[in-house]
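These are the residues of each chain, in order.
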Amino acid sequence: MRVLVLIQRATTPMDRWLMGVSALAILAGMFLTVSRPGQSAVVMRDNRPVLRLALDRDIRTEVEGRLGPVVIQVEQGRIRLLEHRSPRMIGTRTGWIQGAGRTAACVPCGVVIRVEGEKEVAEGDPNGFDAVSE
Amino acid sequence: MGGHGVINRRVVTFSGMIAALLLIALARGFLSPEPPGIQSETRLQMGTLVTISTWGVEKGSAQRAMNAAFEEMGRIEALMSRFMADSAIGGLNAAPRQEFLPLTEELEGVIARGLEIGRLSGGQFDIGLGPLSDLWGFSREPPPDSPPAEKKLRQWLAQRTSVTNQGIEIDAHRVRLTSASVGLDLGGIAKGYAVDRAMERLEKQGVTSALINAGGDMRIAGSKGGKPWHIGLRDPRKADGVIAVMDLTGPVSLSTSGDYERFFLVDGVRYHHILDPATAQPARSGLMSVSIQTRDSMLADALSTALFVLGEKRGLELLTQFPGSAALLIREDGTLLQTPGFIAKPKGAP
Amino acid sequence: MPLSPPLPMPRLRQDLLIAYLTAAAVTAHLIEAALPGPGPWFKPGLANVFALVAFLRIGWQAAVAVTLLRILASSLALGMLFTPGFFLSLAGGLATIALLALLHLLPNRLGPVGISLLAALAHMCGQSIAAWILLIGHAGILAALPWFLAGSWITGIINGILTFLLIEQLDRHSALLTDP
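Chains as they are written, first to last, in my numbering: chain A, 1 to 134; chain B, 135 to 484; chain C, 485 to 664.
Among the hints, a few may not be true.
Claimed, not checked - Some chain B residues well away from chain A (every beta-carbon gap over 10 Å; in silico):
(1) 185
(2) 232
(3) 234
(4) 247
(5) 268
(6) 358
(7) 400
(8) 402
(9) 413
To be verified - Quick list of simulated restraints, FRET-style, between CB atoms:
(10) A:52 with B:334: 31 to 37 Å
(11) C:507 with A:128: 41 to 47 Å
(12) C:627 with B:250: 51 to 57 Å
No lab work stands behind these hints, which were simulated from the structure alone. All C-beta atoms, glycine included, are put in the ideal place defined by N, C-alpha and C.
Throw the hints in and build the complete structure from the sequences for me.
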């Protein structure tokens, strides 16, 4: 109560108006940034997008690759692809990927997945390579 | 006083709006002079994953330039892939031996370059190994898990040793293959050529800072606003591991050939896809990987394969024929050999 | 009961008051720098109280003096002059000053709390823009800005009330308002 009295005493009507308006504006800003759509990944077959998956929901699905079905799995914000036919996973050494711009591919299957968004390489991250020569 | 208050209130509301507008303008002002960062796109092309990255180009023009570059690579693949029956190379390989067939100027240039490097390498770099590659079948799907029959390899070797001039003869914009053991396989050079042409297309579209990475073949133009491109070199025995770091500013090309790209193991023996025409076997020259830095990607591509097959001693001799080229060899014992001019530092070094 | 408008003050008194306020602001800045916490984002910003007192009782130029002197002296004392942290402080301070200068130009009915609130928000915006340009390099930080601003909203109001109380006390000491 005493605090309220103090606030009442210390503020002008314009102050109170400003407090309300700015609180509303900040809340609106919070709402806008929260409700931004989450990350998603696009699945491409022969360089054509065939599927778009949100990464905030776990799912297991299949796309038709050149050599048969390829399983696409989303789990805990990560995504990976698995081949049915190639037990040695020659085309999918990448494993789970997450983070904007990351890709995983099964080259012989013609299937590429890419996490959407601009690639962000953190400054000073020694592993933030622009490319790896292999 | 009351009227005064109303006026003030209006003034404050009005000025608040002005301030908000100013703030937005300020934020936009800060946004626009900031050069656009990396725009990149990955596509499947030439049997590998190709990534093009541009720097300092706004999204729309970057996309247009990258599309043009990918298109160019697609055109070259359609021309030079030996897996496409309707490609120029497919046609040449299917034609009867000894018969001269017309060549486009472009294809003639690539084949002549391949033959020249082949000559300088004493025949160890060979663009005519199509039939041997088919025997091993590393491009097959599913990939092989055992070597071909010994007999077939011996047959191929017997035929091959009687061949002169690498079995490929160019004459007045025509070419002929002289033996059934010879078939054009530009796998060691065409990818590099395609990368060169793709970079040319990017530059034609006004992109001056870019990186093209096509499997083992890379070409770099410019820098990221003064900061070099930060490239990792794959550790030959650790998937996802990096053994050295290269900070490169273009124009430069970088190509790596290693025994870990396509291989299978039988009884602990590693059979990989880089074949030695002298033995008809995967090259065993004491190296796990060879990286080349030089001006164009076609040369880097060919030299990395040639040095891998030749091994350390003869490989470095070949390298001296190409001024401006430098190499990093990783020996089978894991030690590194870096020739002067090769820009790299071990991972973790400051 | 709203504050009375400031009485005219002799030049020497103004300078003395600025010196006192600056000293107090530096002290507040140093104490806050010693507080544990995740960087410059979640500090109460008590030093601003003294700049606001200067603004309300002397004028906006006095607030400029207190703010800039405070940042300079504190950074010197902390040994972080021209470090990123210094530039973040400076950006926040400059944004605050710009806001006070703007408020000075307009006849308005804002009290200490309203001014302090606006100053805190301006400070955070300035700091965030500087961090975006100097440290982060991409606009991702702007997504977090509403959260930072929510913190500033609270500290801005608290500091405004403190400013109000401090000025109330100051105004009772009429010695400050007469020639020595």
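Results for each hint:
no.	hint	result
1	185	violated, 7 Å
2	232	holds, 35 Å
3	234	holds, 36 Å
4	247	holds, 22 Å
5	268	holds, 17 Å
6	358	violated, 8 Å
7	400	holds, 13 Å
8	402	holds, 16 Å
9	413	holds, 25 Å
10	A:52 with B:334: 31 to 37 Å	holds, 33 Å
11	C:507 with A:128: 41 to 47 Å	holds, 45 Å
12	C:627 with B:250: 51 to 57 Å	holds, 56 Å
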